[in-house]
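Peer 1: Going down the list, the protein sequences come from chains A and B. Using this note's numbering, you'd call the opening residue of the first sequence number 8 and step up by one each time. Using this note's numbering, you'd call the opening residue of the second sequence number 608 and step up by one each time.
Quick caveat, the hints were computed from the structure, so don't treat them as lab data. Be aware that one or more of the hints could be misleading.
What the hints assert, rightly or not - Stretch-level coverage of chain A by chain B, calculated; a stretch enters the list once three of its residues show a Cβ under 8 Å from a Cβ in chain B:
(1) 109-118
(2) 241-253
(3) 279-290
Unchecked claim - Here are the computed lysine to any residue pairs in the SDA-like style, where the Cα-Cα straight-line distance is at most 25 Å:
(4) A:K157 <-> A:Y233
(5) A:K316 <-> A:W10
(6) A:K273 <-> B:G699
(7) A:K273 <-> B:I710
(8) A:K157 <-> A:P83
(9) A:K273 <-> B:L716
(10) A:K273 <-> B:L698
(11) A:K273 <-> B:I717
(12) B:K734 <-> B:L661
(13) A:K232 <-> A:F30
(14) B:K734 <-> B:V664
(15) B:K734 <-> B:F859
(16) A:K273 <-> B:G721
(17) A:K273 <-> B:D713
(18) A:K157 <-> A:L78
(19) A:K157 <-> A:L145
(20) A:K273 <-> B:G822
(21) A:K273 <-> A:P304
(22) A:K273 <-> B:A825
(23) A:K157 <-> A:L25
(24) A:K273 <-> A:V290
(25) B:K734 <-> B:A752
(26) A:K273 <-> B:F714
(27) A:K273 <-> B:V718
(28) A:K273 <-> B:P821
Stated by the list, open to error - Footprint (simulated), chain B over chain A, 3 or more residues, beta carbon under 8 Å:
(29) 131-145
(30) 295-308
Heads up, the beta-carbon is just placed ideally off N, CA and C, and yes, glycines get one too.
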Amino acid sequence: MKWLAWGALALLVAVFPLFGGDFYVNLASQIFIAALFAASLNLLVGYGGLVSLGHAAWIGLAAYTSAWLYLRLGLPHLANAPIALILTTLVAALFGWIALHASGLGFLMITLALAQVLWGTAYRWASVTNGDNGLSGLTRPAPFGMSLDKPAAFYYFTLAIAIVALWLMARFVASPFGAALRGTRDEPRRMAALGHNVWLVRWITFVYSGFWGAVAGLLYVYYHKYVHPTTLSLQSSAEALLGVIAGGAGTLAGPVVGAAIVLILKNYVSAYFERWNMLLGLVFVLIVIFMPDGVVPGLRRAWVRLRAK
Amino acid sequence: MQFWIIQTLNSLSLGGLLFLLAAGFSLIFGLMRIANLTHGSLFMIGAYVGVTILRLVPNLWLAALLGGLAVAIFGGLLERLLLRPLAGNALGQVLVTLGISFIVADFCLIVWGGDPIPLSAPSYLQKPLLVGGVAFPAYRLVVLAIAIVTAIGLHALMEWTRIGAMIRAGVDDMPMARAVGIPVSRLFTFVFCLGAALAGAGGVIAGPIMSAYPGLDADMLPLALIVVILGGVGSLLGAFVGSFIIAVIYTFGSVLLPDLAYVILFLPMIAVIAYRPRGLFGRQPS
Numbered sequence: 008m009k010w011l012a013w014g015a016l017a018l019l020v021a022v023f024p025l026f027g028g029d030f031y032v033n034l035a036s037q038i039f040i041a042a043l044f045a046a047s048l049n050l051l052v053g054y055g056g057l058v059s060l061g062h063a064a065w066i067g068l069a070a071y072t073s074a075w076l077y078l079r080l081g082l083p084h085l086a087n088a089p090i091a092l093i094l095t096t097l098v099a100a101l102f103g104w105i106a107l108h109a110s111g112l113g114f115l116m117i118t119l120a121l122a123q124v125l126w127g128t129a130y131r132w133a134s135v136t137n138g139d140n141g142l143s144g145l146t147r148p149a150p151f152g153m154s155l156d157k158p159a160a161f162y163y164f165t166l167a168i169a170i171v172a173l174w175l176m177a178r179f180v181a182s183p184f185g186a187a188l189r190g191t192r193d194e195p196r197r198m199a200a201l202g203h204n205v206w207l208v209r210w211i212t213f214v215y216s217g218f219w220g221a222v223a224g225l226l227y228v229y230y231h232k233y234v235h236p237t238t239l240s241l242q243s244s245a246e247a248l249l250g251v252i253a254g255g256a257g258t259l260a261g262p263v264v265g266a267a268i269v270l271i272l273k274n275y276v277s278a279y280f281e282r283w284n285m286l287l288g289l290v291f292v293l294i295v296i297f298m299p300d301g302v303v304p305g306l307r308r309a310w311v312r313l314r315a316k
Numbered sequence: 608m609q610f611w612i613i614q615t616l617n618s619l620s621l622g623g624l625l626f627l628l629a630a631g632f633s634l635i636f637g638l639m640r641i642a643n644l645t646h647g648s649l650f651m652i653g654a655y656v657g658v659t660i661l662r663l664v665p666n667l668w669l670a671a672l673l674g675g676l677a678v679a680i681f682g683g684l685l686e687r688l689l690l691r692p693l694a695g696n697a698l699g700q701v702l703v704t705l706g707i708s709f710i711v712a713d714f715c716l717i718v719w720g721g722d723p724i725p726l727s728a729p730s731y732l733q734k735p736l737l738v739g740g741v742a743f744p745a746y747r748l749v750v751l752a753i754a755i756v757t758a759i760g761l762h763a764l765m766e767w768t769r770i771g772a773m774i775r776a777g778v779d780d781m782p783m784a785r786a787v788g789i790p791v792s793r794l795f796t797f798v799f800c801l802g803a804a805l806a807g808a809g810g811v812i813a814g815p816i817m818s819a820y821p822g823l824d825a826d827m828l829p830l831a832l833i834v835v836i837l838g839g840v841g842s843l844l845g846a847f848v849g850s851f852i853i854a855v856i857y858t859f860g861s862v863l864l865p866d867l868a869y870v871i872l873f874l875p876m877i878a879v880i881a882y883r884p885r886g887l888f889g890r891q892p893s
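Please build the complete structure, drawing on both the sequences and the hints.
Peer 2: So, in structure tokens, the structure goes:
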């Protein structure tokens, strides 16, 4: 029964571009990107117990680096993508070193401040980032000569990368290292007493999470062919965090579901109602008060209760 | 010479404004363990309320008082109605304040529009003060004076009054403070209102220098966070010293390296975290 449902879902995802129409296929591609991004944040929030409000740094930094290298140095995608990933991961290593001197609320405040510094810089450093106008005139890569300009082609490209990324993140969480990570979340002092280097476990997770955030950033800039400072804004970090928490932090499916909900909400609402920020704020407050552990754990509980009857 | 004097004065007045913002954030965090992400929004609401009051009564000091009062009431409601039910859930509280900050930002955009609105300084402070052939912008000197007087007032409140002693007891050891019968619940609301009032009045006073504009909240919040990280949470002295350090770095950074003013803000953070992770005046956690 369960496998049948999963099989049907997989089939639906696989054939969706054949009948979905361009608008929905594009929306689905964006959902894959948001889901990958939220899943990378979930490594910290859900499995590490480290709530970051600066995750937008990775999507923005990778997007800006790739865009800048392409526009100013004329580097092809094949060359600039690895540079963007490496640079972003190095900055994640530095930010992680700074932010992980604290945990809990201190960590949250430091990650927020660090990402806001990047955001402010993206606005101010106009000679590099083109300020408020953003960087435009970008193209999508063409892996093995296949153009990704059609919505369906980009859909499969994003889907493939998202699946690989989610699989690798799931492996990471299921590995002994992942067990140690959850240990540092629940019992940091006992883990330290057992001889684990709590700081190092967290730092490695931070860097790994930043790397996947950077991958999401590349997909983001390929999709939009444009990058603006709002990519780095607190709102961008908050949307990802809302996705993680709304879906269910510390579950594999949670952030995927949550990110999809946030993105669909955003797309539909901005079509009818200008006040996305206000709605985002309201949803935040309501989720925290009424559904603090998210949709996926909530549904799972309901399912267990239903079967018990 | 004039350049250095003016920029020093600019950084001192910015430091004063940052102190009004960061002192409240630091007190709230120190006592209640709430990272109040609406703090930038409180500053912005203050500025906008100031705009409206100034349209009715052209007196900036009255506007600052009323703006502070209005924001204090808003802060008190926020604390009582939304944060109190989430007591003990630090993450839930910080997310609620984040959500409220988005709502406030949009609300201000609806009510006051998207263009920056300058607040005018009192007319007798608009002329520069000439001392020995050097012109000082008088209003900025007054802002600095207000911040210093506020700092002294807060220090006196914390060190010499009964309520200050109770706050310090709460910061140091909350369960013990409760056990000896300190009304911690009322104290929380008092401190939250006080912090909100400082931020709101600070927003009005900042008006003639910064104007009220959408995004003022997002500009100020990170500066306040960096001040508190640098100075140490819960420490008034830390907020004071941190405010002026950050203001000097930010002001001179903006003038000398306009592109990279924000990047320079990394330096004090990296330095303090490398050499003194709990901040300059933060106490060792017990």
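Peer 1: Indicate, hint by hint, whether the structure satisfies it.
Peer 2: Status of each hint after checking the structure:
no.: 1; hint: 109-118; verdict: holds (count 7)
no.: 2; hint: 241-253; verdict: holds (count 5)
no.: 3; hint: 279-290; verdict: holds (count 7)
no.: 4; hint: A:K157 <-> A:Y233; verdict: 17 Å, holds
no.: 5; hint: A:K316 <-> A:W10; verdict: 22 Å, holds
no.: 6; hint: A:K273 <-> B:G699; verdict: 22 Å, holds
no.: 7; hint: A:K273 <-> B:I710; verdict: 15 Å, holds
no.: 8; hint: A:K157 <-> A:P83; verdict: 20 Å, holds
no.: 9; hint: A:K273 <-> B:L716; verdict: 19 Å, holds
no.: 10; hint: A:K273 <-> B:L698; verdict: 24 Å, holds
no.: 11; hint: A:K273 <-> B:I717; verdict: 19 Å, holds
no.: 12; hint: B:K734 <-> B:L661; verdict: 20 Å, holds
no.: 13; hint: A:K232 <-> A:F30; verdict: 17 Å, holds
no.: 14; hint: B:K734 <-> B:V664; verdict: 21 Å, holds
no.: 15; hint: B:K734 <-> B:F859; verdict: 24 Å, holds
no.: 16; hint: A:K273 <-> B:G721; verdict: 21 Å, holds
no.: 17; hint: A:K273 <-> B:D713; verdict: 15 Å, holds
no.: 18; hint: A:K157 <-> A:L78; verdict: 22 Å, holds
no.: 19; hint: A:K157 <-> A:L145; verdict: 15 Å, holds
no.: 20; hint: A:K273 <-> B:G822; verdict: 21 Å, holds
no.: 21; hint: A:K273 <-> A:P304; verdict: 23 Å, holds
no.: 22; hint: A:K273 <-> B:A825; verdict: 21 Å, holds
no.: 23; hint: A:K157 <-> A:L25; verdict: 12 Å, holds
no.: 24; hint: A:K273 <-> A:V290; verdict: 11 Å, holds
no.: 25; hint: B:K734 <-> B:A752; verdict: 17 Å, holds
no.: 26; hint: A:K273 <-> B:F714; verdict: 18 Å, holds
no.: 27; hint: A:K273 <-> B:V718; verdict: 23 Å, holds
no.: 28; hint: A:K273 <-> B:P821; verdict: 21 Å, holds
no.: 29; hint: 131-145; verdict: holds (count 5)
no.: 30; hint: 295-308; verdict: holds (count 3)
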